[in-house]
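K.L.:
Sequence:
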Amino acid sequence: MSLYAIGDLHLSLGTNKSMDIFGGRWANYVEKIKKGFEPLNDDDVTVLCGDITWGMTMDEALPDFQFIEALPGSKIILKGNHDYWWTTATKARSFFEKNGIKSIDVLHNSSFEYEGVSICGTRGWFYEECKGDEHDKKIMNREVMRLEASLKAAKTDDIMVFLHYPPKYMSYECPEILALLEKYHVRRCCYGHIHGAGCKYAFGGTISGTEFTIVSADHINFAPIKLI
1 MSLYAIGDLH LSLGTNKSMD IFGGRWANYV EKIKKGFEPL NDDDVTVLCG DITWGMTMDE
61 ALPDFQFIEA LPGSKIILKG NHDYWWTTAT KARSFFEKNG IKSIDVLHNS SFEYEGVSIC
121 GTRGWFYEEC KGDEHDKKIM NREVMRLEAS LKAAKTDDIM VFLHYPPKYM SYECPEILAL
181 LEKYHVRRCC YGHIHGAGCK YAFGGTISGT EFTIVSADHI NFAPIKLI
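Anchor point for the sequence shown: position 183 equals 183 in my numbering, and the numbering is continuous, going up by one each time.
What the hints contain is simulated information worked out from the structure, not anything from laboratory work.
This structure is a prediction, so every number in the text was calculated from the model and none was measured.
Just so you know, even glycine gets a beta-carbon here, dropped at the ideal spot from N, CA and C.
Keeping only pairs whose Cα atoms sit at most 27 Å apart, straight-line, the calculated DSS-like set for lysine-lysine is:
id, residue 1, residue 2
1, Lys17, Lys98
2, Lys200, Lys17
3, Lys102, Lys155
4, Lys91, Lys17
5, Lys137, Lys168
6, Lys168, Lys183
7, Lys34, Lys17
8, Lys17, Lys35
9, Lys138, Lys168
10, Lys102, Lys35
11, Lys226, Lys102
12, Lys168, Lys226
13, Lys168, Lys152
14, Lys226, Lys152
15, Lys226, Lys200
16, Lys137, Lys152
17, Lys138, Lys152
18, Lys226, Lys34
19, Lys91, Lys102
20, Lys32, Lys102
21, Lys32, Lys226
22, Lys152, Lys91
23, Lys200, Lys32
24, Lys183, Lys138
25, Lys35, Lys226
26, Lys183, Lys226
27, Lys155, Lys183
28, Lys183, Lys152
29, Lys34, Lys98
30, Lys17, Lys32
31, Lys137, Lys183
32, Lys155, Lys91
33, Lys34, Lys200
Between beta-carbon pairs, the in silico distance windows are:
id, residue 1, residue 2, range
34, Arg142, Cys199, 26 to 32 Å
35, Gly196, Thr90, 33 to 39 Å
36, Tyr201, Glu69, 30 to 36 Å
37, Lys226, Glu113, 16 to 22 Å
Working from the sequences, and respecting the hints, build out all of it.
P.N.:
What follows is the structure in C-alpha cells.
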C-alpha cells in the first residue's frame, strides 16, 4: 500500500485538444501515463493535482474519467486552472456513481486519510502573477479559506498538502498559503501547473519544515511519484 502523486494529465480523449501536438515529452503521452501507472497496485492511492482533462463538461470529460478509472489503484482529484468541467464535488460524485466510476473521489474543502497520513489540498492561485485586482484577490482568499477548511478536516497530525498552483515559484510567493503550511506543520506539499523549461525554476526545497515537490506529468515522465 503506497501513496503517489501526479499532476496535469491534460487528457483529451473526448475532445480535440491532445497534448501530442506539442511533441517532445508530450508525444504519445496517453500511453506514457498508462505505462507509468503499471507498477501501482489496486490498494495504492494516487492524488491527481489538477488539470486532469480538457473536457469542458463532465459528459465531454467522461472518456478521460473512464481512462483514469481503468488505471490501478484509487485516485483523489483536485481542481486545476484548466478543469472547466468542474462544478461541485457533489455533482462530480453523482456523475461518477451514475457512470460506474468507483475509483475516483474529489478533494474539496475536505481531507482523506491514508495509512495515518492526512491528505489535504485545494487549487491555489497565482495572485501576484495575475492581474492583482480585486477579482484575483477574492479568488486567492477563497482558495486560502478552502485550504484551511481542508487542513481543519485532517484527522491525523501527519499532513501532506496537494495543490495545483505552486505557492512558491521563482521570485513569487503566496505568503498566506505558506503560513498555513507552517501553522499546520505540513510535512510535504506537492504541486503541478509548471511545464517544460519552466520546471527547472520550480522550487524543490524545504520551507519551515515543509518539503516541496513538483509533480507535473511531463516533468516526472508521466509516472506517479511515490510519497510513502
